[in-house]
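Asker: Residues per chain, in single letters:
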Amino acid sequence: MLTLERIEKIYRTDKVETVALHNINLEIDNGEFISIMGPSGSGKSTLLNIMGLLDVPTNGEMRLEETGITSFGDRDLARLRNERFGFVFQTFHLINDLSVVDNVEIPLLYRKMSGAERRKRALQALDRVGLASRVHHYPSQLSGGQQQRVAIARAIVGKPKLLLADEPTGNLDSQMGEEIMDILMGLNTEEKTTVIMVTHDSRLAEKTHRTVRLFDGRQVN
Amino acid sequence: MIKNYVKIAFKVFMRRKFFTAISLFAISFTLVVLMVAVSILDQLFAPMSPETKQDRTLGVFAALMMGKQDINVGDVGYAFLTKFVKTLPDVEAVGMYSVSSTVTSFKDGFEIKSQMKRTDGEYWKILDFKFLEGGPITDADEDKANFVAVINEATREKFFGNEPALGKFIEADRQRFRVVGVVPNVPVYRDIPSADIWVPISTSQDIGYRQNYVGGFKGLILAHDRSDFDRIKHDLTSRLHSVPLPSSLFDTFDCVAETEFERSTREFMGESYSTDAGPGGNAIRSYATEVIGLIILGAILFMLLPTLNLVNINVSRIIERASEIGVRKSFGASSRTLIGQFLVENMLITCIGGIIGFLLSIMILTLLTNSGLIQYAEFHLNVRIFLYALGLTFVFGIISGVYPAWRMSRMHPVNALKGVVR
Chain A
0 MLTLERIEKI YRTDKVETVA LHNINLEIDN GEFISIMGPS GSGKSTLLNI
50 MGLLDVPTNG EMRLEETGIT SFGDRDLARL RNERFGFVFQ TFHLINDLSV
100 VDNVEIPLLY RKMSGAERRK RALQALDRVG LASRVHHYPS QLSGGQQQRV
150 AIARAIVGKP KLLLADEPTG NLDSQMGEEI MDILMGLNTE EKTTVIMVTH
200 DSRLAEKTHR TVRLFDGRQV N
Chain B
0 MIKNYVKIAF KVFMRRKFFT AISLFAISFT LVVLMVAVSI LDQLFAPMSP
50 ETKQDRTLGV FAALMMGKQD INVGDVGYAF LTKFVKTLPD VEAVGMYSVS
100 STVTSFKDGF EIKSQMKRTD GEYWKILDFK FLEGGPITDA DEDKANFVAV
150 INEATREKFF GNEPALGKFI EADRQRFRVV GVVPNVPVYR DIPSADIWVP
200 ISTSQDIGYR QNYVGGFKGL ILAHDRSDFD RIKHDLTSRL HSVPLPSSLF
250 DTFDCVAETE FERSTREFMG ESYSTDAGPG GNAIRSYATE VIGLIILGAI
300 LFMLLPTLNL VNINVSRIIE RASEIGVRKS FGASSRTLIG QFLVENMLIT
350 CIGGIIGFLL SIMILTLLTN SGLIQYAEFH LNVRIFLYAL GLTFVFGIIS
400 GVYPAWRMSR MHPVNALKGV VR
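Chains as they are written, first to last, in numbering that gives the first Met the number 0: chain A, 0 to 220; chain B, 0 to 421.
So that you can see chain A by itself, here it is in the shape it has in the complex (with noise of 0.2 angstroms):
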């Protein structure tokens, strides 16, 4: 589904040059859980953004579903993001100033569609993470859990083929994580969505179909 050839990513500044991941070979197919493992500074949400398109690689190709995307324009780029991934985030990033709701509406409204349409798959895509009763809270008015499960109902109700997850579970206790966990892969499982997920604990990787593991921006299995 995914493939990428050679990927590396490189800062340049003035002074420095970083390389932050060489020559990075991965084939994901459909339906893979696969976790991404390493110490800090190893590249791995690098690699994650550099899958879900959020950043350029430096050198090498990236194709997905057989097409090559490494020379895709802003809009296209935009387009595929919107139409294919889904990303949760450690940080969850929710917008404190719109409803659950309203959160979890945004992939959609850019695409062309109906606000009550709209509303309609937000709402299940609610009732999916289990968050039905909290429709009209605002994210300040929930737990770290809930809200990461907002952060995945949003992540999900544009029916994405690849869900992006980094670190889902890192601002968490364990039950918590365990939830988010069961979340992700009742995801997997259920609706076959391939999860591509940035992970420090062992645990949840054991969990994942295989781990990739980085260090110092290189794969080491």
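Note that these hints are calculated values from the structure, not bench results.
Hints may be right or wrong, so weigh each one.
Stated by the list, open to error - Straight-line alpha carbon distances no greater than 30 angstroms define the calculated DSSO-like cross-link-like pairs of lysine-lysine that follow:
1. A:Lys-158 with B:Lys-6
2. A:Lys-160 with B:Lys-417
3. B:Lys-10 with B:Lys-417
4. B:Lys-417 with A:Lys-206
5. B:Lys-417 with A:Lys-158
6. A:Lys-119 with A:Lys-14
7. A:Lys-160 with A:Lys-111
8. A:Lys-111 with B:Lys-2
9. A:Lys-111 with B:Lys-52
10. B:Lys-112 with B:Lys-157
11. B:Lys-52 with B:Lys-124
12. B:Lys-106 with B:Lys-129
13. B:Lys-16 with B:Lys-2
14. A:Lys-160 with B:Lys-2
15. B:Lys-10 with A:Lys-14
16. B:Lys-6 with A:Lys-111
17. A:Lys-160 with A:Lys-191
18. B:Lys-67 with B:Lys-124
19. B:Lys-106 with B:Lys-52
20. B:Lys-112 with B:Lys-129
21. B:Lys-129 with B:Lys-157
22. B:Lys-10 with A:Lys-119
23. A:Lys-158 with B:Lys-10
24. B:Lys-124 with B:Lys-157
25. B:Lys-6 with A:Lys-119
26. B:Lys-232 with B:Lys-52
27. B:Lys-85 with B:Lys-143
28. B:Lys-2 with A:Lys-119
29. A:Lys-158 with B:Lys-2
Stated by the list, open to error - To list a few chain A residues with every Cβ distance to chain B over 12 angstroms, as calculated:
30. Asn-24
31. Ile-27
32. Glu-64
33. Glu-65
34. Thr-69
35. Arg-83
36. Gln-89
37. Gln-140
38. Asp-181
39. Glu-189
40. Glu-190
Note that the structure is predicted; figures quoted are calculated from it, not measured.
C-beta atoms are modelled at their ideal positions from N, C-alpha and C, and glycine is treated no differently.
Got chain A; can you put chain B on it based on the hints?
Answerer: Leaving out everything else, chain B in the frame of chain A:
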């Protein structure tokens, strides 16, 4: 989507009420000043009753005699108007009127001061007064020196209270006139049609005016079409060399046909004549281009400060909303979409400021009208000014939103999510 943008726009405004209040104040204050200024300019120069044919009317307002050491500048003389302006070919009408003079009347022992103009019959054909009673002074009245008068509403009230005035008599400037017409009051800033009492030129007690080439009168030329202006101006200029000069002290006579706006710019710039010949070869020249340029420059500079203020506040808001921008980009908002969102938000606050400014402008203009500072003043907003205001608001919103929106769209989603703004 627009509903979502509007919702979040209000939330953002309420998040920082103080900055929102500053922005609204800056926008509304700027628009109030500009709308009041535009309204005043509109009242001064736009075609309106009785100057409905202003777009094809030229005036002959000033004459100048110049010698090596002597200059005589003033209004135009009766003789010049009758011999050189009234005889211009291919024009629809040429009218004359005297400079306003203050005349005294007495009614029931009380003194009434009025502004009187003396006119010919053509004056009333060029202007488009709506008569409340009766009709205008005619060519026959002027030819026969009939002691008739047209008065305005205010004068009717002073002399006759609420009674009709037609056929009644008034005394002014130690002469007795029969009222043949009553017209609405005209604001004093509309110099050509403004007066309290109009009477025929030929009723003037001093007949010396007939020989004068400079002084006491002004002329109006009604063209068939505005496109005739250049030809008329040229025709008049080409006749000037034959104007007889009253004294060997002078060797040049100059006079121009000009629009009211051109005359105003000349007087505004404080220089009624120039020793360097203007574009038509005349010593009397207008400064229309310069004044329009000054007005536009003034408006731009005046708008610059609040625009920069709003740009600054908007940029701060964007930095505050970096995370939101990152999220939106992550979920598929393109740069163009984000620019559109931000411009909608900015237009919203600009429109609110515009509405406040519009309402305040109405209040201020009403106060100005009712203050009595300017006699018979009628400052108000009309559809044209409302559209100018709408246009200004729109331009204001776009200009103050474009740069911040562009900055927002350029944010890298990864940096935005981290709250890093470059």
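Asker: What are the numbers of the hints that this structure violates, sorted from low to high?
Answerer: The structure conflicts with hints 6, 9, 15, 18, 19, 35, 36, although it agrees with all the remaining ones.
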